[in-house]
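Q: Chains as they are written, first to last, in my numbering: chain A, 16 to 330; chain B, 38 to 391; chain C, 249 to 760; chain D, -14 to 361.
Simulated from the structure, these hints should not be mistaken for laboratory data.
Computed from a predicted model, the values in this text were never measured in an experiment.
Check each hint, because a few of them may be wrong.
Unchecked claim - FRET-style restraints, in silico, Cβ to Cβ: (1) D:Leu(-8) / C:Tyr381: 54 to 60 Å; (2) C:Phe362 / A:Phe136: 31 to 37 Å; (3) A:Lys189 / C:Lys733: 42 to 48 Å; (4) C:Lys733 / A:Phe314: 33 to 39 Å; (5) A:Lys158 / C:Lys379: 56 to 62 Å; (6) A:Phe315 / C:Gly491: 54 to 60 Å; (7) C:Gly649 / D:Arg222: 17 to 23 Å; (8) C:Tyr381 / D:Gly247: 46 to 52 Å; (9) C:Gln627 / D:Val358: 33 to 39 Å.
For glycine and all other residues, C-beta sits at the position ideal for the given N, C-alpha and C.
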Amino acid sequence: MDSIIIEGIAFSIPLFIIAIGGIYSEGSGVINLALEGLLGFGAFAGGLSYALLSSVITGNPLLLIYASLAFAMVGGALLASLHALMCIKFKANQVISGVVINMLSVALTAFLANQINASVFGQPSNKFLLEIFPKVTVPLLSKIPILGALFTDLYTFVPIIVVIALIMAYILYKTPFGMHIRACGDNPHAVAAAGGNVMKIRFISVLVSGALAGLGGMCFAYSISTTFSPNIYMGFGYLAIAAYIFGSWKISRTFLACILFGFARSAGYVLVQKLELPSSYGDLVLTLPYIVTLVLLLFFSSKTKAPRALGDVYE
Amino acid sequence: AGSTEKASQAAGLNIAIITTPSGVDDGSFNQDNYNGILAFIDEHPEAQVTAIREPSGDVAAALKTAADVVAEYDVLVCTGFQFAGIGELAKENPETKFILVDTYPTDAAGNTVELPNVYAMMFAEQESGFFAGVAAALETKTNKVAVVNGVAYPSNVNYQYGFECGVIYANEKLGTNAKLVELASRAGTDVTGANVGGNYVGSFADEATGKVIGQQLLDQGVDTIFVAAGASGNGVFTAAKESNGKLHVIGCDVDQWDDGQVGNNNIILTSVLKVMSLNVHRALSRIQDGTFEGANVLLKADTDSTGFVKESGRHQLSASTIEKLEEAYKLVQDGTIVPASNFGGFTPEEFKVN
Amino acid sequence: MDTLVEFRHITKRFPGIVANNDISLSIQKGEILAILGENGAGKSTLMSMLFGMQIPDEGDILIRGKKEHISSPLVANDLNIGMVHQHFMLVENQSITENIIMGIEPKKRYFGLFPYVDIQSSKEKVRELSKQYQLEVDPESIIEDIPVSTRQRVEILKMLYRNAEILIFDEPTAVLTPQEIESLLGIIKNLRDSGKTIILITHKLDEIKKIADRCAILCKGKMVGVFDVASTTTQEMSALMVGREVSLTLSSTEHKRGTEVLRVEGLSVETNEHIRKVDKVSFTLHRGEVLSIAGVAGNGQVEIADAIAGLLPVKEGAIFLAGKDISGCTVRERIESGVAYIPEDRQSVGLILDFPLRENLCLKQYYQDPYSNSRGVLQKQEMESLAKQLISTYDIRSGSGVNTLARSMSGGNQQKAIIAREINLQADLLIFVQPTRGLDVGAIETIHKKIDELRAQGKAILLISLELDEIMELADSILVLYNGKVQTIKQASEMTKLEVGEYMMGVHVEKA
Amino acid sequence: MLKKPNLFKRIFMICCGPGKHQLLRVSLFCIFLSLLAGSVLLLLLGKNPFEAYRSILQGAGILPKTRYAGKKSQLTDFMSLLNYTTPMIFAALSVAVALKSGIFNICVSGIMVFSGFIATILVGYSSLAPIIAKPLVVLIGVVAGGLIGVLIGYLRHRFNMNEVVVAIMLNYIISYVVSFFIQTRFVDPITRQSVEVGQNARLTLFDYPIMNLKMEINLVFPLALITVFLIRYFITRTRFGFELQAVGLNSKASNYAGINVGKTVITTMLISGSLAGLAGVSYYLGSNASIQPRVLPALGFDSIAVALLGNTSAIGSFFASLLVMIFDSGTTYMSSRMQVLREIAALITSILLLFSAIGIFFRALANRYAREVEEV
Ligand SMILES: Nc1ncnc2c1ncn2[C@@H]1O[C@H](COP(=O)(O)OP(=O)(O)OP(=O)(O)O)[C@@H](O)[C@H]1O
Ligand SMILES: Nc1ncnc2c1ncn2[C@@H]1O[C@H](COP(=O)(O)OP(=O)(O)OP(=O)(O)O)[C@@H](O)[C@H]1O
Ligand SMILES: [Mg+2]
Ligand SMILES: [Mg+2]
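Please model the complete structure; the sequences and the hints are all you need to start from.
A: Okay, structure coming up:
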């Protein structure tokens, strides 16, 4: 049980922040299928910064680790700016742009990782090694039966992400800017008529989505393989998309969706272990979150409502 | 190849290394082969090498890649099982020499063939696995050890069986008391459908599941894991890194010390080796001096082709462990000890320690 | 009086069309200036340049005597210009308050640090404002739940909230009921009396007559002139804008009621969200008869039409076309058995905006001989000649003929295209929902004549309109709907306009 | 407005301005731009771009190489190009057809795996005579692919499910489930992929001896060509094509016009799925002969962008497929000759697709310039 919760949280939370990225972009009206590419590029940038800075910042591994999270956000935002440019300035089809950005991200990270490793670090490699991410066990809370697992062996990025997620929710639902973002997703012309700069609002939203996806990607890189490598493209970006569609583009519901995915996954692993199924059944377990999504969508699709202006080109 | 005169012949060997997705800079399997070529070029600076990567890892794509460039080179070094089907291409290009690593060539019908221009090497992974098993048994504090593999293909089953034999050997001969931990849910089914036990991720590229398995083993009290699972192994490494020194791993194929760094510590006890670079270098030298002969060889400790890392600073074995490993190495080398392998006729349970 | 706004030689071009051609016009402080012109004359374009949504290709705009470059609505806001657009600019999933304060949200801070939108006080302010100008709204309602007339009030409040001095109304009455129009005109007058300057685009000459001080007339992008409303008759105005005499009343031909075409029995209809909109409605419609359904917007008229056309399922009851029950038929079967339908929403239902005019004009016939052959292959020449014929018959104006994308046509011409297509179906039953909404008098005249002609040909016509005048003029019998229920069905001659209005408000309840 | 357009604008207008073949010219312009960008990249790496592009064409069999290996020639390279292009043509058509009706079929990869797998286990391992086996494989491709297509169409229409999400989910589910069966039932211990299918079932004759050359002859390439024209005819000239486009542009209005929207959506996805299925069998039982577990073919995703590069028209998709596959086929030779990472080619392809995604913008911009000039 504990491991279901611990593993579930470690997986759900980065997924959640990536999904929030999606909500920002799509909430402002820009379809974002590029999350997969963005999280990969973010992780690349974070990994690169880690590799570059580790010779500069010595003796303070924690600083290095948290700095790399920040750089991952910058990296994700950087690639997202391309998506924004394509969709907003050049009015490209948003789905297509997303697909192409994903392709570009894979090619670009592989190319750059090789090139940089060879020319800067003088060693041929396509990955950047990272440190393990610090974990904490909260003294008293962790003793609570069952729920204590929520505070046991917790990656410190979990509270960080939770705080960021709260801030993002606050911005989206409480501040004028957030209101404008949501309005852009519903009727951009209304925003323009009220004097808002639709292009700018959307641009920023897409950048934010890149930054958040990059952050989530970096956390996955830390928690799963402690490396940046091309293996980062594991399809979690697509899962995040499923999560927010499932959550009807609302942060609170998306949170539940992410928790559901994370726990379906970790419970699946435990289930296979407990049932003593052969390892080949692992493949079947991995289909769990996807099947759960499909089945649940079957029932809830009529209730999910995409932003009204999603995908519309704004002139 | 063919009848065309090669411009580069006079200058020196024109070598290509064709690798599957991870490329020659994977810091691992492919890179070790590449290093063999580089070592050769150090000796023969007039020779040159081109690294070619086939990105999909698909068997047909791998062969097409080789066919696309075969005309350009004197020697093709093909690393990985994906190149088994190269037999036909080799037959059609008798002038070109092929060095295959991890597979023997097959003809169009899929039968293994020996060809005069193909030097194909496979490694006795069970021997490397054996050393890992001995090391693990000697080093474990909790007396619980485990092996994690990718998919139960022969090479991985060999590693697993060898590891298990090593543990049995150490328990019987070296006075250790290590128990093998297997997660029943992770038992592998080999290519004949037989249950081979072990801990299999089910994939070579699933880091997330690798990590879960690492943690499940740690929860069972395991403190030493031999990891032979390709990229899925990174997940196990992560679990070890996050264990605060509770879990150590033994790397495989190449010296994985650098992958094991956590702060100022390292999770790598040692790495067991498939010594590919040396053998690639040897084969190239034979081409250079004209003594090349095609062959399908199984490389073992007797040619120093399997082994473990013992250079200081690259492992954390105690001196006595090293000493005992050296002894075991000699016994493997001279054939006194034959660890079980996938199709070696007996399983680890039937393994006899003489 | 001071000149507040001055257009100087403004020209604006769109692909294939000069929307505004060298227009000069000045607007005085405190007046109500009406702008009149045919569909596509360039009225909206001219105003959108004043509001910063478009930028003139040539010419200058002067505000309070100063040359201004109005590059965005933000600039317009700063110049105290506000606009109620022809198509409302509201965010549907946000509340009235949120819509009104958008862009100038009052802020408060959590812990004196983190800013947030102060919805609470905004609500109060909206409430006050709405009281002050008698524009009743509930500040907390979500836009998607409120009727059109309320949305319009929200748009007006939006301007007032921003302290706009110059208020532009683009066809504000097109979507309102007579009572609502009365009250809106009252509001506009009040606004003027409180010192605001009003620009009113409308097609309704009587409205201009009622409240406007002056009237600018545009024709095909050019300024015809500015006239003093008091000293110009409506006849003169319409002649000026259309370029010919227009007869504003129909010289309706005598005709005979024929056999029954449509019979609706106990019809109940629910929307897709399972809200009951039509409740046990029965009526019959005969050849040579125009039956008009009157009612305040949202009382179920449109749902009746949708149910007859097959766009909404029949919940209870039955619909008989020429004696045959069609309530289970598909849309196409109904079309083929003789139902033509001019829907309320021309842009998202009546047309495929990204198809060329040619395809749109064949939208209901493309699969039939001669537009498709027996093997299912389209005959483009046939489609094209049909389209050309309809374009010339109905005077549909567009940039590049049959190849014009419907999207780039003006609203009036889009409507003409739909009407042309539907009449061309030769159906026995024609359902018109708001057929003249937003059309200029010339176009209205043509359509009214057309309806009269159709009746003379023995067609049965179901006319749903919010314009009482239109109903009174065309209908043979009138059905008044209130809350989805029939209030009364009577011969038109038996009711006065006033009575109909009362039934619409649910004042008279007739027991059957 | 007496300003004359500057040189740049004039060239740009010649490339993208309104007039004949504007779509084609814009596409060519995008290709040119991306090659230019690629050149810059290559120059930065110290490589000669002309050499690089030439070697790509050489590798793809468009230009002759300096030397050929045994039983190989430019012709064999070219035939190989056609062989590998065939599945891409089907895949791009699949995307294009669905897109015409407003549906994003990003399930092409999953459908390919599914149909390839079904055909492999039903026919690939059988000993049916080639004359029966091969058509049967094609048929299975059509049916299996069509089934998934219909499923997506049905879920979208009946349950209002977002087809992109459904497709993403299906991709993974198919991939994992097929992988499970391969790894437990059909694995080849050496190649670690599914056991190769028999020659009798393969849609490509591999190493087929002609004039002392070993040719790859893709038996379904002609079918792909025919399909291109069929689809084109179907979309632009038939009643159903009209309905498909109408539904794609406005389903409400289509319903109003009497078009059965559900039927149209499902039929469209049937066609799109069948085409993806054809891509699957011509990939897994044609240019390849076995399936890699847990791998969704990149081709399925690339085809989305390829269809776009071809302006979602059938003919366009054909040429775009050819172009992208020339790049793909020539990459190995280029990377070998130029000693550059092969990612360069993937990068240039991505850039090409990026540019083509903004083709609409170029078109609009050029049209605007053209109007300005007209007015002067
Ligand atoms: N992707 C793979 N597919 C099949 N077998 C593999 C793969 N990766 C590794 N193996 C096999 O598993 C064995 C153990 O894997 P190990 O962890 O040493 O991987 P590695 O040395 O990192 O190899 P690679 O660089 O190829 O991933 C290797 O000897 C190799 O034969
Ligand atoms: N954004 C645009 N792009 C292209 N053409 C446009 C655009 N906006 C307006 N037009 C064209 O400019 C002309 C004038 O349009 P405008 O909307 O100003 O007419 P209007 O007088 O308001 O007509 P209506 O009474 O139908 O509202 C029309 O022919 C219209 O098709
Ligand atoms: Mg390794
Ligand atoms: Mg207008």
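Q: Quick check: which numbered hints come out false for this structure?
A: 2
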